[in-house]
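Work out the full structure, taking the sequences as your base and the hints as a guide.
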Amino acid sequence: MAVCIAVIAKENYPLYIRSTPTENELRFHYMVHTSLDVVDEKISAMGKALVDQRELYLGLLYPTEDYKVYGYVTNSKVKFVMVVDSSNTALRDNEIRSMFRKLHNSYTDVMCNPFYNPGDRIQSSGSVSLSRAFDNMVTSMMIQVC
Amino acid sequence: MSPTQWDLPVELCCRPMAFVTLTGLDVVYNAVHRAVWDAFCANRRADRVPISFKVLPGDHEYPKCRPKRTSYEWYIPKGILKTGWMNKHLNLVPALVVVFYELDWDEPQWKEKQSECATRVEIVRQSLQGRNTKVAVVLIQKKTPLPPGEDVIASERAAALCNACELSGKSLFVLPHTDHLVGYIIRLENAFYEHAQTYYYTEIRRVKSHKEFLNKTTHQLLFVRHQFKIAFFSELKQDTQNALKNYRTAYNLVHELRAHETNILEIKTMAGFINYKICRLCFQHNTPLDAIAQFRKHIDLCKKKIGSAELSFEHAAWMSKQFQAFGDLFDEAIKLGLTAIQTQNPGFYYQQAAYYAQERKQLAKSLCNHEASVMYPNPDPLETQTGVLDFYGQRSWRQGILSFDLSDPEKEKVGVLAIQLKERNVAHSEIIITLLSNAVAQFKKYKCPRMKSHLMVQMGEEYYYAKDYTKALKLLDYVMCDYRSEGWWTLLTSILTTALKCSYLMAQLKDYITYSLELLGRASTLKDDQKSRIEKNLINVLMNESPDPEPDCDIFAGKTAQKLWADRISLAGSNIFTIGVQDFVPFVQCKAKFHAPSFHVDVPVEFDIYLKADCPHPIRFSKLCVSFNNQEYNQFCVIEEASKANEVLENPTQGKMCLVPGKTRKLLFKFVAKTEDVGKKIEITSVDLALGNETGRCVVLNWQGGGGDAASSQEALQAARSFKRRPKLPDNEVHWDSIIIQASTMIISRVPNISVHLQHEPPALTNEMYCLVVTVQSHEKTQIRDVKLTAGLKPGQDANLTQKTHVTLHGTELCDESYPALLTDIPVGDLHPGEQLEKMLYVRCGTVGSRMFLVYVSYLINTTAEEKEIVCKCHKDETVTIETVFPFDVAVKFVSTKFEHLERVYADIPFLLMTDLLSASPWALTVVSSELQLAPSMTTVDQLESQVDNVVLQTGESASECFCLRCPSLGNVEGGVATGHYIISWKRTSAMENIPVIRTVITLPHVIVENIPLHVNADLPSFGRVRESLPVKYHLQNKTDFVQDVEISVEPSDAFMFSGLKQIRLPAQAFYSYQYFCQATGSTHG
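As given, the protein sequences belong to chains A and B, one line each in that order.
Reading the first sequence from the start, the letters are residues 1 to 146 in UniProt numbering.
Reading the second sequence from the start, the letters are residues 1 to 1086 in UniProt numbering.
Hints were generated in silico from the structure; no laboratory data involved.
Idealized CB from N, CA, C, for every residue including glycine.
Do not rely on the hints blindly, as some may be mistaken.
With a straight-line cut-off of 30 Å between C-alpha atoms, the simulated DSSO-like cross-links for lysine-lysine are [claimed, not checked]:
(1) A:Lys68 x B:Lys445
(2) B:Lys527 x A:Lys10
(3) B:Lys623 x B:Lys559
(4) A:Lys68 x B:Lys305
(5) B:Lys623 x A:Lys68
(6) A:Lys68 x B:Lys335
(7) A:Lys42 x B:Lys444
Partner residues aside, some chain A positions facing chain B, computed with beta carbon under 7 Å [claimed, not checked]:
(8) Leu26
(9) His33
(10) Asn117
This is the structure in C-alpha cells:
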C-alpha cells in the first residue's frame, strides 16, 4: 500500500528509508527530502503548543500528480514520511493515521533496544536483529493490499 | 523564444475589450485630430472603460459578413472553432464605428456639409453590410456649445443631420475643441461603451438564436462553438459572470464530443482553451479554489487522452503547456494580490510542466530516432495554403475531414513523419530548464529550500543532457552542500556522479579530483567496483595521465573530452591543487591530537596525526605537513617521501606513507617549544596531506585546525552518544571514533626546583615595621642565574589596602606614604646548587585587617630538551595571609583628687587624668616612653613626666599613669574642652635594637567644665588618735564676683566630741577663701 516509508532524524538526515524496489529509488529519496520543507513549516507553525495536546500526525504534506506524501512527527522531532500512490483511494486519513501509529510503536521498540544508539541509521547499524522487527513491520506495510 | 505550436494564442490570453473604430480622423496632418486621438488612447488608466480603439479611414473595408444561413439541416461543421474567429472579433469587426466630422452649428454652408457627412456615414454602413455594428457621428466643433435647449439652431440642425444620416439622436455627439478635451472624450467613450455593449448583447442573442436549428447528431461541434462564442461575446461585453457560466457549459460540451484518434488533438486543444478561460476568470473573480478545482478536473479528464501513440510526445507537450499556462495564471493572480501558500503555489505547476516536458523529451527521443537518411517529406504536409490552419487543433493534411477513418493512410504516414522530424529539432532541454527555473523562483518565495535544491539538481542534470557542462556544474556544485549538510548521502552521491561526469567531459582537473575524492569517501553510497574504478582514475590523473571515460557519457562528448585530457597532459606544469576539505567529505580522514593539554617548556611537545582512508585500495601520499599558529614550528612537522611517481602503484603497502583502507595510521610528531611561547597557546592551524607527486599532479588536502570535514562533527556527536563497547584491537591500534581532536596545547614554564620559605611572627601590629624573612634555597643541579624577588601586597585586593600598606627592605627607618605596596624584581644574584639566601622584608600596615602577601621568585636556568640547549625561566611564588591587630587599647578617665569618678570637672579645681594602656598583642611589648601633650586650655598642676618608661607588657597586662590637671574657667563650651594628646612610644620586646620605635598618638577625650559658686575643701589629717583632738580644717572659697552670705552648721557624729562653733553666719567675699577650724575628739568602737 505504501510505496515509500522513511524515518528522518531530528537533524533531518535519514535514519531509515525504504521504497518499493521496482521503482526509481532516487526519486523517492528526493520526494521524502523535499517533503521536509512542509514538515518544517508545520512544526514551526505548531510552535510551543502544549506537548501532550499536540497532534503528531501532520496529514497530507503535498500532493504530486502520482503520489501523496503524508507526514508524522514525534515529540522528539523524529519524522515519519509515507508516500502513497495517488490512485490508491482505499487509503483514507484514518488508515494512514493508524499506519503511522504502528510505525511509531515499532520505532519506539527500536529506541528501547539497549543496543541501538539513538541517531544511528536503522538499516546500516551493525546488529541485524536490531532492525529486523522494524524492517518486517515496514515490509508488511508496503506489501499489504487493502 | 518564438511562439510554438503549443503556446496558447495571444487572442485567447488577452483580456477581451470592446472594439471601436474611429474614422474621419487625420492623425498625421491634423493637429486637432491628433489631440483627439491622443486623448482617446494615451495614458489610459484602469478606471477608464475597457475599449480598444483603432483609427481607420472612412472607407475601410471590414470583413465581409457571410450570408445568414436559413437552415442548418444540410450544414455539417468542419471543426470546432476557426482559428481566425477570436482575432476577428477582437481586432477586425468593430462593435461601433464612429464617424468624426468637423462641423459647427453655425456653418454657413450647412447643407453641403450635412450631405457630405451623410455620405460618409453611408459609406461606413455599406462596408458593414449585414453586421449589427453600430454607427455614431461625432461633430468636432470650434465653439463651445450653449446649454441644451438654448441654441435653437443647434437643435434644429441636429435633428436635420440625424435625419440625413439615418441616425438616432443618441448616436450623434458634439465634441467642442476647447480646453476640456479629455473630459469630453471620457464622456464620449462612456457613451461608445454603452453602444458597444448593446452590440455584443445582440451578438449573443444572435448566436443563441441558432441553437434551435441544431441537432445533437450532426451539430455536436456547433454546440461547443456556439457556447464558446456566447461566452467570448460576454467577455467582450465585460459580463464575466455569464462568460464563466457559458465557458463552463462549453467545457462540458467539449468532453461530450465523440473522441477518436483523429480528432483528439482538436478536442484537447479546445478543452485547453476553454479551461484556460475558466481558470482565468475564476482568478479574476478571486475564487482561486474554483480555478484549482477546474484545473484538476481538466487534467484528470485529459490525462489519459493520449491519442496517437506515434505522436505521444505531442500529448506530453500539451500537458506541459497546460500546467505552465495555469502556473502563469496563478502567478499573475498573485501579482495582483492573491496570497499563495507553501503547499499551493505556482511552483508546483511549473514543476509538473517540467516533468511533462521531460516526458516529452523522452518520448521524442524514442519515437523520433529516425535514420539520418530519412528526408523531410516534400511537399511539406504541414504546409497549408494560407499558412495557417482553418480550425484549432486539426491536422494540416486532413483539415475539415470529420470521418474517423483515415481516408489516405499514406498521407497520414507522411504527416506523422513530418511532425516527428520537426520534434527532433525542438530544444527540449531549453524548455525544461526554463520551466524548472520558473519553479525554482516560486519555491524560493514559498519557503521550500529543499524543493528548490531538488529542482536545481534537475536543472543541472538537464544542462548536462544539453551538454552545457559549465552551467550544469555550477548548479550542482551550488546545491551539493545542502544535501551534504543534511546527510542525505544517497542523493549526494547521485549528484556527485553527474558532477564527476561533467568535470570529466570538460577535463576540469580540480573539479574532477574533488568529486573523485568525495565519491571515494565514506559519504558516498557507491558500490566498491565503482569506487575502484574511480580510485584508479584518480591515481591515473595524479600520474599525469588521462582517466578512463565515465560510463553513460555521450559518445561524441566523450571523444572531445579525451582530446581535452590529452591536451591537459601536454600542458603539464603548475599542477598542484589545494583543496580545502572542511566543505566536503573526502576519502581520507584526519585527526590531530596533542598528547596533553599543556607541556612544560623543557619537555618536547608531542602530538599524533591520525589518518584513515576509506577508499577501496591502499593509497600512498607523498607529503604531510602540519602548520601552527607560530609558523616556526612548521618545519619540524613535515613527513616527506621522495618517491617517484610510478612508485605510487608499485609498493602500495609499505612504508609510513601508505594508507591501508579502514586502518587508522598514527604518525607521531615532536618538537621543542620556544621559550618565548611560555604562557601561549600552540594551535594546529592546518594539516596538509599531499597526494601524488609534484612532477606529475599533486593534490593537497587541507584540513583546517586539527582535522575534520563536513561530516565529522555529526559523527563525533554520534560517537559521543554511543555507549557501545568497541571490540578490542591490538595495542598499537585505536578506534577511529574514539580519537578526539585536540588541536591546541598550552606551553607552560618549567617546574621550578627551589624552595621559598617565609618566617614571621603573626599577627602584625598596626604601624609597626613587621619583619618577614624570605629564605630561598636552590635544589637545582646547576647554577641558577638572575634570581629576582618580587614581594609585597598581592595585587588585586582592596584598593585602600595599597594606600595603607608599605613595604621596604630596610627596617632601620620608618617607612612613610612614599613607599610602595609591592617591591618588584629585586635582583638577588645567582645561586649555586644547594645554596640558600635570606632576605628580610619589612611591612608596615596602617590599618587592621587581613592582607595577602605575595613572594615571587624567578630565575633563569640553562637546561636541555631533546639535546637542545635552552634557557628556561622558572618561577615560584608563595602567598601568605597576615592579620594586622592593634597593639594595645588605651582607656582614659577623669577622677577627682580623691579618685572619685567625675562626669565633669570644675573650673579651677584640680582633677586627675588617668590613662590605662592594656596590651592586646600576643607578643610582649616594650613601652619606651609616654608623653602627655596638653591642650592650651589645660594646665598642669605638677610635673608631667612619664611614669611608664621602659615598662614591658605581656599579653593582657596594663600600664596606668595619673596626671593632675586643672582647667581654668572658660565659660560654657559646647561639647566640652579638648584635653590634649597622649603619645606612646613602643616596640616589640623581641624586635632588634635598630628597629625604630613607633609613636602612637591617642587623642584624649573632651571634658565638660562647669563653674561652681562655692568650693569647700576639707583638710583632714590622715588619721586621729583616740581621745586626742583631731583638727579639721575647712576651706571655703567663693568663686563668684559677689559677696555671699554663708551659713555654716556642723553636725558632728556620735563618735566624736566636738568643739568650736557649731553654727556660724558670715559673709564670704568674692574670690576669697576662708579657713574654718573646728576640733573634734572622739573614740571609735571595736
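Checked hints:
Simply put, lysine 68 of chain A and lysine 445 of chain B have alpha-carbon atoms about 23 Å apart, close enough for the 30 Å limit, and the pair holds. For the hint linking lysine 527 of chain B to lysine 10 of chain A, the alpha-carbon distance of about 28 Å falls within 30 Å, and the restraint holds. Proximity of lysine 623 of chain B to lysine 559 of chain B is assessed by CA-CA distance (about 35 Å); at most 30 Å being required, the pair is judged violated. A distance of roughly 23 Å separates the Cα atoms of lysine 68 of chain A and lysine 305 of chain B; the hinted pair therefore holds under the 30 Å criterion.
A threshold of 30 Å between alpha carbons decides the hint, and for lysine 623 of chain B with lysine 68 of chain A the separation of about 54 Å lies outside it, so the pair is violated. With a C-alpha separation of about 29 Å, the suggested pair lysine 68 of chain A and lysine 335 of chain B falls inside the 30 Å cut-off, and the hint holds. Under the criterion of a C-alpha separation no larger than 30 Å, the hint pairing lysine 42 of chain A with lysine 444 of chain B is consistent with the structure, at around 17 Å. Here the hint on leucine 26 of chain A is kept, as its CB sits about 6 Å from the closest CB of chain B, short of 7 Å.
Interface restraint check: histidine 33 of chain A against chain B, minimum CB-CB distance 5 Å, threshold 7 Å, status holds. For asparagine 117 of chain A, the interface hint holds, the least distance from its beta-carbon to any beta-carbon of chain B being 4 Å, beneath 7 Å.
Comparing the model with each numbered hint stated earlier shows that hints 3, 5 do not hold.
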